[in-house]
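2 protein chains.
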Amino acid sequence: MFKIRSLVTALALASSISVAYAWEALPTEAPAPADNATTAAKVELGQLLYHDPRLSSTGTVSCASCHNTSLGGEDNRPNSVGVNGQTGGRSAPTVWNAAFNKVQFWDGRAASLEEQAAGPVTNPIEMGMASWDDVVARLKTIDGYVTTFEQVFGKDSISKENATKAIAAYERTLITPNSPYDRYVAGDKSALTAQQVRGLEKVAELGCTGCHSGPAFNGPGVFQKFPVIANGTLEASHHFSKDKGLAEVSKKVEDEHLWKVPTLRNIALTAPYLHNGSAKTLDETVKLMAKLQLGKDLSKDETADIVAFLNGLTGEFPKQKFPTLPGTPGKSFTN
Amino acid sequence: MFKIRSLVTALALASSISVAYAWEALPTEAPAPADNATTAAKVELGQLLYHDPRLSSTGTVSCASCHNTSLGGEDNRPNSVGVNGQTGGRSAPTVWNAAFNKVQFWDGRAASLEEQAAGPVTNPIEMGMASWDDVVARLKTIDGYVTTFEQVFGKDSISKENATKAIAAYERTLITPNSPYDRYVAGDKSALTAQQVRGLEKVAELGCTGCHSGPAFNGPGVFQKFPVIANGTLEASHHFSKDKGLAEVSKKVEDEHLWKVPTLRNIALTAPYLHNGSAKTLDETVKLMAKLQLGKDLSKDETADIVAFLNGLTGEFPKQKFPTLPGTPGKSFTN
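Those protein sequences? They're chains V and L, same order as listed.
Here the first sequence is numbered in my numbering, starting from 1 and rising by one per residue.
Here the second sequence is numbered in my numbering, starting from 1 and rising by one per residue.
There's no promise every hint is true.
[Stated by the list, open to error] Reference listing, derived: stretches of chain V covered by chain L, where coverage requires no fewer than 3 residues with Cβ under 8 angstroms from a Cβ of chain L:
| # | region |
| --- | --- |
| 1 | 50-60 |
| 2 | 310-319 |
[As the list claims (entries may be wrong)] With a straight-line cut-off of 30 angstroms between C-alpha atoms, the simulated DSBU-like cross-links for lysine-lysine are:
| # | chain 1 | residue 1 | chain 2 | residue 2 |
| --- | --- | --- | --- | --- |
| 3 | V | 280 | L | 160 |
| 4 | V | 140 | L | 280 |
| 5 | V | 280 | V | 296 |
Hints were generated in silico from the structure; no laboratory data involved.
Keep in mind it's a predicted model, so treat the numbers as computed, not measured.
All residues carry an ideal CB built from backbone N, CA and C; glycine is no exception.
Kindly produce the complete structure, drawing on both the sequences and the hints.
Right under this line is the structure:
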């Protein structure tokens, strides 16, 4: 009986929702803040800084180490590895399309890409620099950076502010348009398979798009509670209560377990999933999200359809230059 | 008296040696073995494998992590950092122009680039894969590699042999010609400063070129004993006796402290120096090598001239494509 009713509802909604829900393609450009226009020279400098392991205390960890632009914009690990083999408790979010996030970090504690870029560099378990003064001092010893910063920002311009502006400008170019989904939305009805279209309709029908809406599927809202519905079994296996999300920063009870709604773009490439990387596959994640956020048990077919749809969100990576970094003649790092 | 005699000898030798010693420019192509022709498609595959952290157990360490082609072909550290933050006892040699080494690794235990490429992947403190069978199994789960290997090597061709062939083919393209020294040798007498020319003449006069000869300054011979001359003070500070070089592999007394003669190409970019990374600067290294290998105490000016010359060995890095790696939908690594 339940199955039949579900099916009827699904069919009814499927025909209406594909009209009612406004599916949006990904923009090919990201808006920049008034004080940080995206220029080619700035993007190029940002790309160098982003890929430079000398921004870490040990000379071994760059932004790209955990947010790998050669892959899905992260590292396919539950937790990333920072300097001296240290790991934290959260899973690296993808840098692809991060320009479309309203806030940054899993707990949304940074309001902009610029603010975000400043964080990991001096985080003791990530890039481990003692201070941004130390980063600036180190960059000043690299002649190529002195010249390039001057070209982009003017004379004697190596600073935390300008370095993070350049990194943010670069990140605004890390957009992956033309996924099968985008081509489908643009009118190419053959771009998604029949199963993927079923999955697309299902995510709207179920209410996934209540949070994962918009061109990057990262919300109309900024934060969302997770898990919404308590589940002892899943808590035992996934330890969600350990990390209180936004409340870890704000120390407010009402912020407990609030998280930034993450993009679904390129999600097929970013296993494992969830803020703590505790869900290994898309199948597991889709079922778990339906259960914990919507109180729904998905069938095997529903799950497969949604996973097929999510696989249709993998876009095209932009062509990049190979980042040849300015050398530091005679400099070395210690253990 | 000693100073005056040195000066006279230096002048006498300087005029004769700049004729007598055959300075050679770097070839722009490296010869390939008969069974591993350098083709564009193979080089491209090799570049991907070289930059792919999924060749390590943790998904965090690629060949490029320690032999960084965005920089001087290594990591500017005394010892590199492998999986789980582990460090070994030797300093990563540069990959630039490694194609011109007669043997590979500091102890020369690999006869070819192909053989070398196989080593770090399964070294427990470097990339930590349990076996090449595991590497092959993992690569087979990545559709993009299945296709690319097929294009390069034929159907069902993912194997240790072919992966290392591709990496070696890529490495044969990592040549840095057109250094100031190369332009000088080619006839542009303004390419080196007067001080650099003094340094060039000095390295031949002192006998540095007895070992560091040829276009890559890595020998007519393959191995050289280091240190040649025992020095208690330098042993106390640099701990050379700890690592027995080739003898660590061969277990032969006569191989104790035999080392591959390293290239001097791009040496200004590859601090710190020596097999154990115990010399921080070029100044220190030049003085130390003269003392331990030739029994000579260099003056401040002699050292400065030689260091200036060595700075003239920094070549031009080839233009590379940005390595966009084939994705692994749904796969992840565990801690």
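- Query: Which of the listed hints are not met by the structure?
  - Reply: none
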